[in-house]
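Engineer: Take a look at the letters that make up each chain.
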Amino acid sequence: MTGQSFDWMGRRIPFRTGESLAAALDAAGIRTFGPDALGQETRYFCGIGACQCCLVRVDGVVREACITPARPGQLVEAMESRHD
Amino acid sequence: MTEPDVIIIGGGPAGLAAATEISRSGYSVEVVEQRESLGGAVHRQPIAGVAPINQAAGPKARWNALAQAFSAARISVRHASVFLGVDGDGLVLIENRRTGRIEQARPKAVILATGAVEKVHPRLGWQMAGVSTAGGLQVMMKETGRAPQGRVLLAGSGPLLIAVAAQMARLGNPPVAIVEAGDPLRRVGTGIAMLGHAALLREAAGYLSQIYLRRVPWLRGTQLVAIVRDGENLQAVLRRRDGSERQITVDRIGLHDGIRPNDFGLPNETTASTSRPLIVRAGDCREALGAFAAEADGRRAGRTVTDLLSGKRDRAGLDHAVERARLAQATLAELFAPLHGAQALRSLPDDTILCRCEGKTVGDLRRLCDRADRLTGREVKHNGRFAMGACQGRFCAANTAALMAEISPDGPAPSTEDLTGRRWPVRPISIAALTGAIPPNTENE
Amino acid sequence: MQSRPPSSAIVIGSGIVGAATAYFLARRGIAVRLIDASAPAAEATGAADGAVSVASKRPGPMMAAALKGVRLYGELADEGLFAGAFKRRSTFIVAASDEECAVLDAHSAALASAGVRVETLSETDLRRDFPALSPQAKMAVEVHGEGHAIGYQIVHRLLTASGISVDRDTRVESLRLEDGGRRIAGITTSRGSLTADVVVIAAGNGSAGLLGFSGVLTPRKGQLLVTERAPALNAAMRGAIMSGRYLLSKGSQKAGHAPPPRGLGLVIDPLVTGQFLIGGTREDFGKRETNDIDAVSRILKDAVALVPGLAGVRLLRSFAGVRTAVVDGLPLVGRIPGLENGYVATGFEGDGICLGPVTGKSIVQLICGEEPDLDLSSFEPARFASQGAAA
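Residue numbers (the numbering used here), protein chains in the order written: chain A, 781 to 864; chain B, 86 to 530; chain C, 31 to 421.
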């Protein structure tokens with residue numbers, strides 16, 4: 781553990797080098813990544829970037845949490861958390 | 086970097102085997118892989134500092150050999166790159182997620198080795214948080230060396246369930262139960278047929294002994310029929326073969342009902358074209374037969390492409406390993422055949438989600454098809470919105486087509502492709518990336 | 031002229047025009063067979079941008095027809111048939127250069143002269159009331175009274191309401207004539223022969239062969255895009271956006287002058303789902319099965335230039351359709367020359383969605399000896415009679 785972390789909705793989430801965002805969030809006990817545009821729960825499902833259920837916004841860009849590597853200092857938010 | 090002759094989509098066993106084969110023939114080749122590491126799903130690599138989870142000796146040795154040969158061939162890999170498709174002008178489109186830009190290429194050939202996706206039958210509540218695929222739980226275990234936490238239920242059908250259960254057990258958190266719709270132990274004849282596939286049997290025996298040791302209930306002939314939220318928990322409703330039901334309270338559920346090629350929206354194979362690249366499929370995305378066959382099929386695809394590029398007429402037929410794998414898969418399918426498979430779709434409650442991305446239910450489909458006029462797959466898609474969401478039909482198109490066939494049995498059944506179409510982008514792609522498109526022959530950053 | 035209404039009819043083509051025609055026939059108790067080579071809305075109707083609009087029109091027969099088309103959508107929505115399938119919203123034509131502003135001013139005046147309610151928004155107005163628009167927008171004209179409808183949904187409504195079952199996968203091979211070639215006895219199809227009192231050809235690009243016209247109908251491909259849901263941005267869009275640059279290119283075409291082989295006319299439509307529909311191209315060549323990165327990236331660059339927020343949204347789907355254009359820019363609606371009981375309704379190019387229902391209604395009125403809602407005088411198929419007789 782090198783003490784690196786990213787920000788998830790105001791919370792510091794630690795991760796190990798090489799982990800995906802989904803793995804780190806899972807280790808932190810986070811089960812859903814907020815509602816999607818239809819109000820459904822986003823969550824980890826297939827693990828291979830196919831199902832589009834684990835979408836989060838990473839530094840402003842919508843990404844599948846399961847295939848996006850965690851990097852220090854990333855701002856990771858629920859897809860629908862911004863309202864500009 | 087100049088343009089490669091061949092681009093291979095997917096860094097799993099089929100892709101790496103194809104790439105290594107092509108590199109031996111003197112053609113230049115590059116692999117496009119969406120993640121930062123190679124291996125695909127079946128050989129998902131652990132992160133640094135984590136020991137690989139338990140794997141059968143045979144597959145592990147084969148992967149090591151393949152990875153070494155690939156590495157020795159010094160083949161270029163574009164990591165964090167997602168294949169978007171081949172456009173109308175024959176350009177191969179790739180999203181480079183490191184730069185956030187689209188790259189265009191005009192290789193002579195493309196080998197698609199995108200692997201398989203899991204089948205997940207619709208069940209009430211499958212869309213809830215805490216529910217994932219069993220394979221999804223498995224790749225996360227492989228990556229992190231950690232079993233999913235809490236009370237975990239694995240449910241569905243197929244040999245992958247016992248593999249995941251055994252791997253979880255070895256990592257200290259066996260599942261509370263495995264719910265298996267089939268009953269492999271009853272099909273003695275088929276079981277004997279598995280003796281012809283010794284390696285698979287050995288692997289299965291290894292898993293089963295773990296499951297037996299840890300006393301993990303293997304509830305065969307049982308179906309998970311509904312998932313209901315119960316505060317922070319999930320209630321799994323199980324139906325046994327005699328029709329009786331019971332409930333288990335769990336924290337997480339991993340579903341799995343088999344695998345199918347991850348070929349949604351992928352361009353068709355073409356072996357003769359002037360304006361478009363040759364396109365060949367390899368591995369599970371051509372035919373879902375598992376990792377062993379995938380590697381052999383990758384080599385076959387590599388040979389096919391080099392034969393085509395060098396103008397050879399007669400091409401490599403399917404590898405013997407593929408034919409053997411077909412037999413093995415057929416036997417496994419029979420062994421694990423759900424005891425009450427045919428009824429499953431028909432008996433689904435109306436409010437079962439069918440297309441999760443669009444929030445459409447089984448009832449929505451029934452109402453749409455409840456008319457004298459028999460709708461095509463495309464009409465059902467457009468007017469019901471099935472398969473029109475972000476997953477582009479990967480987890481709903483086949484189920485929708487199957488349910489349509491049940492609802493209107495007279496006439497040809499719609500195909501999955503009727504519902505998914507075949508256009509790029511085969512994955513959703515940010516508009517920011519598309520508006521900064523980079524033309525081919527540009528230095529890759 | 032029919033002496034009395036027919037008791038049976040065949041409509042060839044189940045796009046929006048054919049479906050509307052069949053609906054209005056069925057409403058009068060006429061027995062309808064609706065035939066399609068593939069399936070309802072399989073061609074242009076199923077790949078349309080859905081504009082129910084007069085915004086891009088100049089005063090003239092197409093403007094007059096479009097005004098009636100828009101009005102009928104409103105009526106049918108209020109009646110219930112199109113309830114929830116017709117979204118009323120303004121079109122904002124946006125100018126981003128002085129040249130575009132000048133053209134837009136003139137265009138706005140022309141629209142007003144045709145009775146369309148228009149409102150000019152200055153740069154200041156836009157910054158204040160339409161912040162989703164880029165600062166590049168210098169001026170906009172809001173065209174009121176417009177709307178949007180998804181072609182395949184409208185077809186589905188029409189078919190559901192009329193209870194018609196479509197003969198799918200049925201290719202019409204020829205018209206069978208009798209009476210010295212003055213009457214259609216029936217049609218020959220890939221699945222057998224049919225007879226009826228009246229035949230209406232509404233088969234888009236498939237109409238040319240049946241009509242025997244050559245060099246009259248021409249296919250014109252259009253590529254379109256659909257994004258994922260972006261509810262916040264969608265809610266901030268007050269209506270559809272059309273680039274004023276489109277008017278520049280349209281304005282430079284007079285009737286008879288060929289448009290460039292490939293043109294781009296930007297339209298951004300906020301769909302009820304929260305997604306965006308973004309279009310589109312006009313291309314004389316190309317297959318409907320394909321989209322190319324060149325067109326797609328150009329369309330999106332133009333879109334992001336006007337609505338920067340789109341850059342953060344993902345593209346979900348590309349698609350294309352092939353419109354049916356007529357060489358003189360006006361559709362073919364009316365009797366087929368030389369036939370007592372044959373009618374055609376096609377060639378709507380980019381106006382099919384807007385004009386589909388009102389054309390269906392008008393053709394049926396014509397068939398039944400009534401005054402059609404639409405003034406069909408400019409759409410008279412006989413103007414091409416010298417280009418060949420019906421097959």
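Each hint should be verified, as a subset may be incorrect.
[Stated by the list, open to error] If you only want the chain B side, here are some residues facing chain C, beta carbon under 10 Å, derived:
no., residue
1, LEU169
2, ARG299
3, GLU464
4, ALA498
5, SER500
6, GLU502
7, GLY506
8, ARG507
9, ALA517
Hints are computed from structural coordinates only; laboratory data are not their basis. Virtual Cβ for every residue (Gly too), placed ideally from N, Cα, C.
Engineer: Of the hints given before, which are not true for this structure?
Structural biologist: 2, 4, 5 and 6
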